[in-house]
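Just need the whole structure built from these sequences, with the hints factored in.
Residues per chain, in single letters:
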Amino acid sequence: MSKSPNNILIKDYQFGFSNAEKYFYREKKGLNERVVKSISSHKGEDEYMRDIRLKALQIFFEKKMPSWGGDLSKINFDNITYYIKPQAKKGRTWNEVPKEIKTTFDKLGIPDSEKRFLAGVGAQYESESVYHQLKQEWKDKGIIFEDTDTALKKYPELFKKYFGTVVPMNDNKFAALNTAVWSGGTFLYVPKGVKMNIPLQNYFRINAKNMGQFERTLIIAEEDSSVQYIEGCTAPTYSTDSLHAAVVEIIAHKNSRVRYTTIQNWSSNVYNLVTKRAVAHEGATVEWIDGNLGSKLTMKYPAVYMIGRNAHADILSLAVASKGQHQDAGAKAVHLAPNTTSVITAKSIAANGGKSSYRGLLRIVKRALNSKSKVVCDALILDDQSSSDTWPTMEIKNNQSSVEHEATVSKIGEEQLFYLQSRGLNENEASSLIINGFLSPIVKQLPMEYAVELNRLIELQMEGSIG
Amino acid sequence: MLEIKNLHVSAENNSILKGVSLTVKKGEVHALMGQNGSGKSTLANCIAGHPFYTITKGSISFNKKNINKLAPNERAALGIYLTFQNPPTLPGVKISSYLRTAKNALAEARHESPTELTDYLRELKTTMKFLGLPLKFANRSLNEGFSGGEKKKLEILQALMLKPKLIILDEIDSGLDIDAIKVVAAGVKKLQAQGATIIIITHYQRILNFIAPNYVHILQQGVIAVSGDKSLVERLEKTSFKEVTTTHE
Amino acid sequence: MKKLLIDQAGKHVVNVGANESAEIYILQIEHEEGLIDLTINLNGHHSQAQAYNCFVGHLQNRNLLDVKINHNALSTSANFSARGIMKDHSFGAFNGLITVKKNSQDTNSFLEHRTLMLSNEAEINPIPSLQINANQVRASHAATIHNIREEDLFVLKSRGIPQKEAETILIDSFMSEIVKELPVHWRKKVKETIR
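Protein sequence lines correspond, in order, to chains A, B and C.
The first sequence begins at 1 in the working numbering and counts up one residue at a time.
The second sequence begins at 1 in the working numbering and counts up one residue at a time.
The third sequence begins at 1 in the working numbering and counts up one residue at a time.
By construction, these hints were calculated from the structure, which means they are not laboratory data.
Only a predicted model underlies this, so the values are computations on that prediction, with no experimental measurement involved.
Hints should not be assumed to be uniformly reliable.
Listed below are the simulated BS3-like cross-link pairs for lysine-lysine, each with C-alpha atoms no more than 27 Å apart in a straight line [as the list claims (entries may be wrong)]:
#1 K397/A - K191/C
#2 K151/B - K444/A
#3 K366/A - K164/C
#4 K296/A - K102/C
#5 K374/A - K87/C
#6 K189/B - K151/B
#7 K125/B - K444/A
#8 K397/A - K87/C
#9 K87/C - K366/A
#10 K296/A - K101/C
#11 K372/A - K87/C
#12 K323/A - K102/C
#13 K372/A - K101/C
#14 K372/A - K164/C
#15 K101/C - K323/A
Far from chain C by the CB rule (all over 12 Å, computed), these chain A residues [stated by the list, open to error]:
#16 E62
#17 P66
#18 G142
#19 E146
#20 F159
#21 S267
#22 I307
#23 K323
#24 N426
#25 N455
All C-beta atoms in this analysis are idealised placements derived from N, C-alpha and C, irrespective of residue type, glycine included.
Printed below as a string of structure tokens:
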């Protein structure tokens, strides 16, 4: 299936449009104490958060860059703008949101989906949330769905109780960066016993050149509750780089269930470095569904720490690496209590010279007796310019657990192609069908409109690399 | 309908077919028999256009058109269909949606209009029932987790839905019990009633009791050694390949 | 045909040329201080390698094995099969990296690592990795870690076989898959160590 370079077409990234940069406030480029203090004061924060930010900044300067994963050498931290406020105040209804911003999100299809499918929608443009709404019925049940800045002001005790408890500022260099300059993100709190059966969603967009987006999300699911959250991200195509270093912390209390779905489609100039971690208490289930289609380099390993017995982790990772992209994605399952189970399913496609890697950690400690884990990672390489790696690590410290790990790397089978062609499909159609089939275990876990959108995005990515 | 003239086929520099000539007229049933390694499957796959095989000499013509250089989907558009001896697994490719895509692709290639969804589903349901396939199979991945017999029935299901003009059955009876053979044969008879021409490759007489051939050919070492009518099969069952191919006048 | 038997710490490099094949046997049953570092280079067209690793972790032993299988030519194939049991306070670390260089098309490479854990104080860290830079490749790996399964024990016990003996039968059956591939003079050693 190798193709000569002349045949390869690179489909335009369809979200590559941008708006003129007229902002309410824009911080000077570069990162230092002055910038951090300025961010904090613009947000009207008190010393609690300002001090946390400053401490984290120090840690960021001290920590080394990771020596593994993708190539981070070209990130110029001084050439990034760490804070932009796009408008004076947040819009309460969609109509109140400034016209350009509204048009952007309309183009991306946001408010429509709100009405039809979802219970609440948030939209974040540059550093600030511009729109956040939660259907009244859910508000009445005691659910809190706010942007993180507002939540810090409105619910300080709840905030302080959980902030930084799952991903502490010294966890890694980019968690420290996020803790120093975080802005926006989602704060979601679901009270005891409340089960939300419709997903909540948030949408992130980077518009300015050399912008850094550092959202901080905190999700707390009390005992017996259940919630689903979806996030989507895009950015315009520029020749210079942008940085997305987010942190997501999830606390799933006893017998609760949290599903967090991300479809990331950043343009190919974005460095996407995210720390996503969940703590699962007794009987709780955390599901990460992680779709990585865009960005120049993604390093993201959704993790679940099972600290209570009978907790369960389900991590589905999908990565598509096309020209100039490196998806270094994976999963971490840490079994810290007995009778815990984890399932990791990772599917990746590399085409047009892209590189996809799976990096995983499975750890079962001594006291985590009777734990079970199954890891399946499959990679499809479509042409001879692309590559795929698998780096799974297993640390098993007791003898009453069972672990299964399988990884396969292959190309589209000739026999399979011939079979479909003999039924009337041309090579392109046959390859598409096989690729969609390959990704289907993950795609079928998405809400329908996302599944449709994802299939379309993948087709765009794949165009030119098949047939 | 199908005219094969002096066909020489090789794979990976090994010569497999060494001068096969065969004429199949519309509506006829031809049985192709022979020992393992005689080249039966190669011939079948070659007619369908398998990229693994190279035609080094000779030609295959379908309705007077030389198809040597046509891609497999182009041959399918002309109406050629092969049931696979070992149908490959296609994980995640749902049977009902895939079959509709194939049907519409063929319609487009033939400049016909696509089938309405409701009509398609109705036809799929009826055909599955006819073949004794549980309806829930339609939502499963193609050839994944099915028994040998079920896979063969699925091959016939696809043929009934795609309505080909020439059907090549590559050992459709292997691994089937007598009940399954009867169902498959009923499917083939239905295809015949729709006007299809049949080439059936088999080792055994059993299925030929249900699908009576007009002609029987025995392939040996890459050529057709002997041709005759159904009585050739009876002789074969009573004696052996060697005897039949050496003592036939 | 190259044949290599390894049962001590040390570095080994096996280069397999065009149309050649290599058979490598690795035995880890005695006390080892150091690492067994094995590199298999499939450098020629149609070169192939078959490797078997049998390990028994017992007492305070540390079984350390680092294997690199490099596919550097067209149409090469490799099959690496590791199987063993971990008892007492033993520790096992396994790093198995399959690398397929760009243009090394038509590669077939399989690696499996299967451990039966028999003690709660033992530890195993298998890291099977893949680095694939060509696309006409079939490469896969599997790693499993299990203890003696209750269902399997039950089957034997329900036939009247006492617990200890049932365990022995299951261990033997698990190990037989690899023991049968080993050179004859090693098989006895392994059987004794399993006891």
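In terms of Cβ atoms, is chain C entirely out of 12 Å range of F159/A? Label holds. Min Cβ-Cβ 39 Å, cutoff 12 Å.
Would the non-interface assignment of S267/A survive a Cβ cutoff of 12 Å against chain C? holds, 26 Å
For the pair supplied as a hint, K296/A and K101/C, confirm whether the alpha-carbon distance does not exceed 27 Å. holds, 23 Å
Taking the closest pair, is the beta carbon of G142/A still more than 12 Å from chain C? holds, 44 Å
Taking only the CA atoms, is the gap from K296/A to K102/C under or equal to 27 Å? holds, 22 Å
Would K323/A pass as off the interface with chain C, using Cβ distances and a cut of 12 Å? At about 15 Å from chain C, K323/A clears the 12 Å cut-off, so the statement holds.
Assess, step by step, whether the Cα of K397/A is no farther than 27 Å from the Cα of K87/C, and give holds or violated. holds, 12 Å
Mind checking the alpha carbons of K366/A and K164/C for me, to see if they're no more than 27 Å apart? Between K366/A and K164/C the Cα gap is close to 24 Å, so the pair holds against 27 Å.
27 Å limit on alpha-carbon distance, applied to hinted pair K374/A and K87/C: It holds: about 23 Å lies between the C-alpha atoms, which stays within 27 Å.
Please verify whether K189/B and K151/B have alpha carbons no more than 27 Å apart. With Cα atoms ~19 Å apart, K189/B and K151/B stay inside 27 Å; holds.
Tell me if the straight-line CA distance from K323/A to K102/C falls inside 27 Å. Holds, at roughly 16 Å.
Would you assess whether N426/A, listed as outside the interface, keeps its beta-carbon beyond 12 Å of every beta-carbon in chain C? At roughly 20 Å from the nearest Cβ of chain C, N426/A sits farther out than 12 Å, so the non-interface label holds.
This entry does not satisfy hint 13, going by the numbered hints stated previously; all others are met.
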